[in-house]
Amino acid sequence: MLVSCVAYADGRKLADIKPDEISDYLSRPECFVWVGLKDPGPGELAAMQHEFDLHELAVEDARHGNQRPKVEEYGESLFAVLHMIETEGAELVVGELDIFAGRNYILSVRNRAKKGFVDVRARCEREPHLLENGSGFVLYALMDSVVDRYFPVLDMLETELEMLEGRMFAGGSARANTEAMYGLKQKLMVLKHAVGPLYEGVGKLYGGRVPKVCAGSQEYYRDVYDHLSRLNQSIDSLREMVTTALSVNLSLIALHENETTKRLAACAALVAVPTLIAGIYGMNFKHMPELDWQFGYPLAVLMMVAIDTYLFFRFRKSGWL
Amino acid sequence: MLVSCVAYADGRKLADIKPDEISDYLSRPECFVWVGLKDPGPGELAAMQHEFDLHELAVEDARHGNQRPKVEEYGESLFAVLHMIETEGAELVVGELDIFAGRNYILSVRNRAKKGFVDVRARCEREPHLLENGSGFVLYALMDSVVDRYFPVLDMLETELEMLEGRMFAGGSARANTEAMYGLKQKLMVLKHAVGPLYEGVGKLYGGRVPKVCAGSQEYYRDVYDHLSRLNQSIDSLREMVTTALSVNLSLIALHENETTKRLAACAALVAVPTLIAGIYGMNFKHMPELDWQFGYPLAVLMMVAIDTYLFFRFRKSGWL
Amino acid sequence: MLVSCVAYADGRKLADIKPDEISDYLSRPECFVWVGLKDPGPGELAAMQHEFDLHELAVEDARHGNQRPKVEEYGESLFAVLHMIETEGAELVVGELDIFAGRNYILSVRNRAKKGFVDVRARCEREPHLLENGSGFVLYALMDSVVDRYFPVLDMLETELEMLEGRMFAGGSARANTEAMYGLKQKLMVLKHAVGPLYEGVGKLYGGRVPKVCAGSQEYYRDVYDHLSRLNQSIDSLREMVTTALSVNLSLIALHENETTKRLAACAALVAVPTLIAGIYGMNFKHMPELDWQFGYPLAVLMMVAIDTYLFFRFRKSGWL
Amino acid sequence: MLVSCVAYADGRKLADIKPDEISDYLSRPECFVWVGLKDPGPGELAAMQHEFDLHELAVEDARHGNQRPKVEEYGESLFAVLHMIETEGAELVVGELDIFAGRNYILSVRNRAKKGFVDVRARCEREPHLLENGSGFVLYALMDSVVDRYFPVLDMLETELEMLEGRMFAGGSARANTEAMYGLKQKLMVLKHAVGPLYEGVGKLYGGRVPKVCAGSQEYYRDVYDHLSRLNQSIDSLREMVTTALSVNLSLIALHENETTKRLAACAALVAVPTLIAGIYGMNFKHMPELDWQFGYPLAVLMMVAIDTYLFFRFRKSGWL
Amino acid sequence: MLVSCVAYADGRKLADIKPDEISDYLSRPECFVWVGLKDPGPGELAAMQHEFDLHELAVEDARHGNQRPKVEEYGESLFAVLHMIETEGAELVVGELDIFAGRNYILSVRNRAKKGFVDVRARCEREPHLLENGSGFVLYALMDSVVDRYFPVLDMLETELEMLEGRMFAGGSARANTEAMYGLKQKLMVLKHAVGPLYEGVGKLYGGRVPKVCAGSQEYYRDVYDHLSRLNQSIDSLREMVTTALSVNLSLIALHENETTKRLAACAALVAVPTLIAGIYGMNFKHMPELDWQFGYPLAVLMMVAIDTYLFFRFRKSGWL
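Just so you know, the sequences run in chain order Y, X, F, S and A. Residues in the first sequence are numbered from 5 upward in steps of one, following our numbering. Residues in the second sequence are numbered from 5 upward in steps of one, following our numbering. Residues in the third sequence are numbered from 5 upward in steps of one, following our numbering. Residues in the fourth sequence are numbered from 5 upward in steps of one, following our numbering. Residues in the fifth sequence are numbered from 5 upward in steps of one, following our numbering.
One chain only, chain Y, in its complex shape (with noise of 0.2 Å):
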């Protein structure tokens, strides 16, 4: 689907285009055109493949999707691969968006991703000292504001962390802590996935040798590449610590298996000394003289009795109950 096709020149918007003019306006030698499509259909690929003079293989990773992010140079032009995380409650989906730029255009690929990019063009075009560096900074525009929307996911898990270690320590399920920890370690492997390949990619395009759609934007290329390795190290550190959670997990359930093992220890013995008196009072030798007490029924239930609260104070006080 067709979201956008604009064309601008000197830092701002000429006029919305319609595909047929592209080639029209890609012939001015000041003028780029900026198209986005949103879920496309092979003909609509397959054109614009045309228009713009795309390498067969980059349009094939279009094409196919499930690609990892990566910054691809084909000749003059630049193929970007990026992945688009947004959150449907506690789960994690992930869209892919493909760039195409060459020194006149910008094709934007969106698939599988609600959130569109109307927010980047209009800072695009609210700042045309920054637009007029051409296609390379509406790549650097779009990339960062990919990026940016890495950093409430990345925020969302740690918080989910915080939750699962506040559990942990506070004794919720074991069961259910445990099998959450790894659905975070999933989706950590997710964020991963969409951040590692992206800041090896994105460490291509500035200092030393740059694409030269790139060229003119490079500290603003640096900026994108810092923020991408903030998240690569929190990312990391999020995933020792739940590897490390689980790790406490188990010890945690050890010592609940430990408590679990006095507590019934305790109780049992609460029985099992009243028990054997009663089986005292019940051998049959001629010779009891408690027997024959008149009171001595309720002295033996007595004794169970006090020796049981005896017990119950002393186990109360070295926590085994």
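Since the hints were made in silico from the structure, they are not lab data. Please read all numbers here as calculations on a predicted model, not as lab measurements. It cannot be assumed that every hint is accurate.
List time: in silico SDA-like cross-link candidates among lysine to any residue, alpha-carbon distance up to 25 Å [what the hints assert, rightly or not]:
| # | chain 1 | residue 1 | chain 2 | residue 2 |
| --- | --- | --- | --- | --- |
| 1 | Y | Lys290 | X | Asp296 |
| 2 | F | Lys191 | A | Lys191 |
| 3 | A | Lys321 | A | Val275 |
| 4 | A | Lys216 | F | Glu223 |
| 5 | S | Lys119 | S | Asp65 |
| 6 | X | Lys191 | S | Asp159 |
| 7 | X | Lys266 | F | Val194 |
| 8 | S | Lys196 | A | Lys321 |
| 9 | X | Lys74 | S | Ile239 |
| 10 | S | Lys74 | S | Glu55 |
| 11 | Y | Lys196 | F | Gly200 |
| 12 | S | Lys118 | S | Asp65 |
| 13 | X | Lys191 | S | Asn236 |
| 14 | S | Lys208 | X | Lys191 |
| 15 | F | Lys321 | A | Leu325 |
| 16 | Y | Lys191 | F | Val194 |
| 17 | X | Lys321 | Y | Asp240 |
| 18 | S | Lys266 | X | Ser322 |
| 19 | A | Lys321 | S | Leu268 |
| 20 | F | Lys74 | Y | Asp240 |
| 21 | X | Lys74 | X | Gln190 |
| 22 | F | Lys266 | Y | Ala272 |
| 23 | Y | Lys266 | A | His260 |
| 24 | Y | Lys266 | S | Leu268 |
| 25 | X | Lys321 | Y | Ala272 |
Start from chain Y and add chains X, F, S and A according to the hints.
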């Protein structure tokens, strides 16, 4: 066994030729020969070594088999070893594809693998403009095909992990699960051994200094490299998740132990308390008024039942039963 | 909030100046200005950006805060972000110090940190021969001061680990210990986040190509680098020891469980054996000579006591009690 | 002990010579001398040092033994240390092979290893066209032989792991298994120590700048390197699998504990329930009609048996027995 | 404290000199001075700083102590920090050796270490042809000596691990073992801190660009580097084995728990079954023929004994007792 032996020129098939015609075609400058062998005997390999002037060490590697995947240059020719991984039920079968590629020949030797490369040959012949690049493109097409066949294997292992996770949290047999996780780890190791070294090897076939044979197809080799990179990352993630799953599994076993202990203790209590009551009324005190009551016995039994009922619901409420 | 604003020349303080005099002093070639801000409002930052012609991206980073430590070049000026770690009881509070350093100015922006840099200013003014190196030396002095403040934090964490080790082997509360170890791991993560990225960043300020501002103070930056390297290694060691301690902790919990089980079993035996004896003499056989003995009953009780005494010492000897 | 001392020229053996003839042959330009020592005394080494003008540090290393594998250049000559790993039953015995290689000599010193290099000498003499490359080829042949002897050791360890896996899942003695896994890890460490450093060392003998001695045999050294790379990867995989096996082992032990607990509980129930029934009929109530029944006693016993039978099958069904 | 102060020329000792004669000897071109200090006061260090014109940062490091090992260049002079590790019983004591090396002087400052370097001085004076290389060779000799002293420490730790392994599998006190393993890990950390950074530092003293002072003794520095590499690898292996041992230890504890549980259960059964029998014959049924038998009582006791004997051997056979 000779599978096929075809001469190509200008991206088009010339003819199916006989092995002894190879040298005629090799002498024509614009022409190259593509030979496919399957589980060849030593004689066949020796004949090909003579025909194409292959390096002794490379031929020895192909003869011995059980090589790790690699891409080696011998002068102007290349020798590549790839693992072919096929599935038999839930098991993995590792075959080997050895490719000798020179300026005007390509020799592929398939060992212990069922599925051949008819589709690759068909694809190459469908795209004469690419096949014009000569043996370098055929080498790419073979590699691409082998690598693409890793993806369904990876998918199978991912599905296996998901199933194991499901069974683990649903409380299936922990013993069978543990064993299956170990088996999954082993299979991931097999896949890793196929992908990891090849990933390194293919990295030398594009960018920077490139073997002459591959020079015209660099972007295609980068595509294979990118696929291998994706596989590599997915395998590593899977391995990490299996390790995590194993440790979660241990936690769940410990939790289950805990629950078992509690349940036992509850059952024991349901027996021990009535036993104590019976013991008390089994005491031989002379003066135990209850013993003389008309309904002493049923009352005692009733008391036992009442206490057990109370305990039963209390245990149920606190999750011990 | 403006903390200070001073002009220096030839390593000596010229005067405390007002913000609107800054541009006068900046125009003098031999002179540089050092401005210190604390939790500045957006207006203050914007004024400074205008005064010193700071790069927009750097100012934005300083405005947002929550950056990871880094050292970035913008043309001939440097932008550095450092984490300031202060302790509140056993908790760590992370502040941020942003430093903008140009040929003839240094602007330090301190956020969320109590302790200022009066001592750094005093040290610089005490050593005019070093301050002659200009803003590069001030940048060093600020970095050195922040890094030196990490050491007492590290010492605190080391002491905390030692205390936890002591408690662990002395058999203190395993639950509290486990929780404290987890907390220690979290604090080490905070410190690692402050040290790790800075370590990388400072590595670029000496040896090889060096930003012009730092050129005269290279050996001093190497000294900071060396301190960071020491911190980095100590943090990694501490983290490894905490991980080891967590696994040792699990072993000790399992051992304790074992001891508990043994102790319970011993206690159970002390009750069960007399219960058996009582049961035997509670049998209703007609011909049980002991039952008729004069001292049968005390003898039976004596036997119970004797057996329990024997068992008690045997259990004690084998360490079960 | 001098094992052999032979002079070669043009790839062919000239003669077995005496140690004091060495210098005569060394002076002939086209000729090289190959000396083999076994567990030499200090005198023998000193004589050779004098004969071949070996570097003091290298000779000292050879004298002391217990070096890590390495390949070092001393001027135009090479000094290589390799570990020879032989098996004695299930144990590994580590010997050492020190090789001094110069333009016109090769001196191999074998320590604490039973198997010699008769086969290497035979192979070299069988292939005069390769032996023409001189001492560099002999060095390769020795290294290749040592490295090839690692493979059966690796196979043995792989077989050992498979056996341990089998025993582990078949429920063999967990204690013996744990100990055997630890032993396997130790042996893998020994093999790793032999392979890892050598892998690094051999990597310097082909491609890029290469010691003059090895220049003519580069493709052969790459072959050794490739074997070492395969060994290295297999060892790392094995180590990872042993670690995984150890953690699986722990899970299985915990599972077994769980099963033991359940079984015990089931047995305890089979005793406790009849005990309760016996206790009930041991109560001394006056009015217990069952006590007066003709078949009260057998009925009570029957009830016990019936309940136990029911419990037995229920436990069996739920897998507790 | 000044330990020694000697002037050398042409590889031979000239004279023991007084500190205030140092400058006389430094002015002679062919001569160098070697000064040894032990736990010096600030005044002594300041005097030497003045005498040899040492860099302030280096002297400050030497004054503060507690540096990590390193090798730093200050202009044409070198500053090296090494940890000296001595054993006191089973504990490690960490001292520090700071070496300042210039063209014509060597100053060694030993802190908190008992053993001096008399042997190094003797060795140097025994080998005038090497001492001719000047301060660079003395620096090597000191480093070599410190590094060689790490080996017995490593041997001690290896022996300790072997002892712990033995005790672990022989079933010694698991608590003491666990604590000892943790202690061993800590000691390995101390040794690692001494070796690891030094390994990096010494790597810069041979091959490629080398500080002028060391230029003549490169092969000797490579030898030290090789020793450090061996130490480094052994320490890493030991650490890995300790980690493995800790996890094996946990398995053995779990196994022991399992055995304890089984043993207890067996003992409980030996008591519970006779208790049941006694309970049965304690029932008050009117018609229980056995109760009237002449030998009913002894038969009942015999039955108890018989069953227990049977159970005892059955438990023993299945390893529960």
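Verification of the supplied hints:
Note on lysine 290 of chain Y and aspartate 296 of chain X: the hinted pairing holds, with a Cα-Cα distance of about 21 Å set against a maximum of 25 Å. At roughly 24 Å between alpha-carbon atoms, lysine 191 of chain F and lysine 191 of chain A fall within 25 Å of each other, so this suggested pair holds. Taken as a hint, the lysine 321 of chain A and valine 275 of chain A pair is honoured in the structure, with Cα atoms around 19 Å apart against an allowance of 25 Å. For the hint pairing lysine 216 of chain A with glutamate 223 of chain F, the CA-to-CA distance comes to about 18 Å; that is within 25 Å, so the pair holds.
Proposed proximity of lysine 119 of chain S and aspartate 65 of chain S is supported: the alpha carbons are some 22 Å apart, at most 25 Å. Under the criterion of a C-alpha separation no larger than 25 Å, the hint pairing lysine 191 of chain X with aspartate 159 of chain S is consistent with the structure, at around 18 Å. Note on lysine 266 of chain X and valine 194 of chain F: the hinted pairing is violated, with a Cα-Cα distance of about 40 Å set against a maximum of 25 Å. Under the criterion of a C-alpha separation no larger than 25 Å, the hint pairing lysine 196 of chain S with lysine 321 of chain A is inconsistent with the structure, at around 42 Å.
Distance restraint check for lysine 74 of chain X and isoleucine 239 of chain S: the Cα-Cα separation of roughly 18 Å lies within the 25 Å cut-off, and the hinted pair is therefore satisfied. A hinted pair counts as satisfied when its Cα atoms are at most 25 Å apart, and lysine 74 of chain S with glutamate 55 of chain S qualifies at roughly 23 Å. Distance hint between lysine 196 of chain Y and glycine 200 of chain F is fulfilled; the C-alpha atoms sit about 20 Å from each other, no more than 25 Å. Restraint check: the Cα-Cα separation between lysine 118 of chain S and aspartate 65 of chain S comes to about 21 Å, which is no more than 25 Å; the hinted pair holds.
A distance of roughly 19 Å separates the Cα atoms of lysine 191 of chain X and asparagine 236 of chain S; the hinted pair therefore holds under the 25 Å criterion. Distance check on the hinted pair: lysine 208 of chain S and lysine 191 of chain X sit about 34 Å apart at the alpha-carbon level, beyond 25 Å; violated. Of the supplied pair hints, the one linking lysine 321 of chain F and leucine 325 of chain A holds, its CA atoms being roughly 18 Å apart against a limit of 25 Å. A distance of roughly 22 Å separates the Cα atoms of lysine 191 of chain Y and valine 194 of chain F; the hinted pair therefore holds under the 25 Å criterion.
Our distance criterion of 25 Å between C-alpha atoms is broken by lysine 321 of chain X and aspartate 240 of chain Y, whose separation comes to about 41 Å. With a CA separation close to 21 Å, the supplied pair lysine 266 of chain S and serine 322 of chain X stays within the 25 Å bound. Among the hinted pairs, lysine 321 of chain A with leucine 268 of chain S is consistent with the structure: their alpha-carbon atoms are about 17 Å apart, no more than 25 Å. Simply put, lysine 74 of chain F and aspartate 240 of chain Y have alpha-carbon atoms about 18 Å apart, close enough for the 25 Å limit, and the pair holds.
Restraint check: the Cα-Cα separation between lysine 74 of chain X and glutamine 190 of chain X comes to about 21 Å, which is no more than 25 Å; the hinted pair holds. With a C-alpha separation of about 15 Å, the suggested pair lysine 266 of chain F and alanine 272 of chain Y falls inside the 25 Å cut-off, and the hint holds. Distance check on the hinted pair: lysine 266 of chain Y and histidine 260 of chain A sit about 19 Å apart at the alpha-carbon level, within 25 Å; holds. A distance of roughly 18 Å separates the Cα atoms of lysine 266 of chain Y and leucine 268 of chain S; the hinted pair therefore holds under the 25 Å criterion.
About 20 Å separates the Cα atoms of lysine 321 of chain X and alanine 272 of chain Y, which keeps this hinted pair within 25 Å; it holds.
Comparing the model with each numbered hint stated earlier shows that hints 7, 8, 14 and 17 do not hold.
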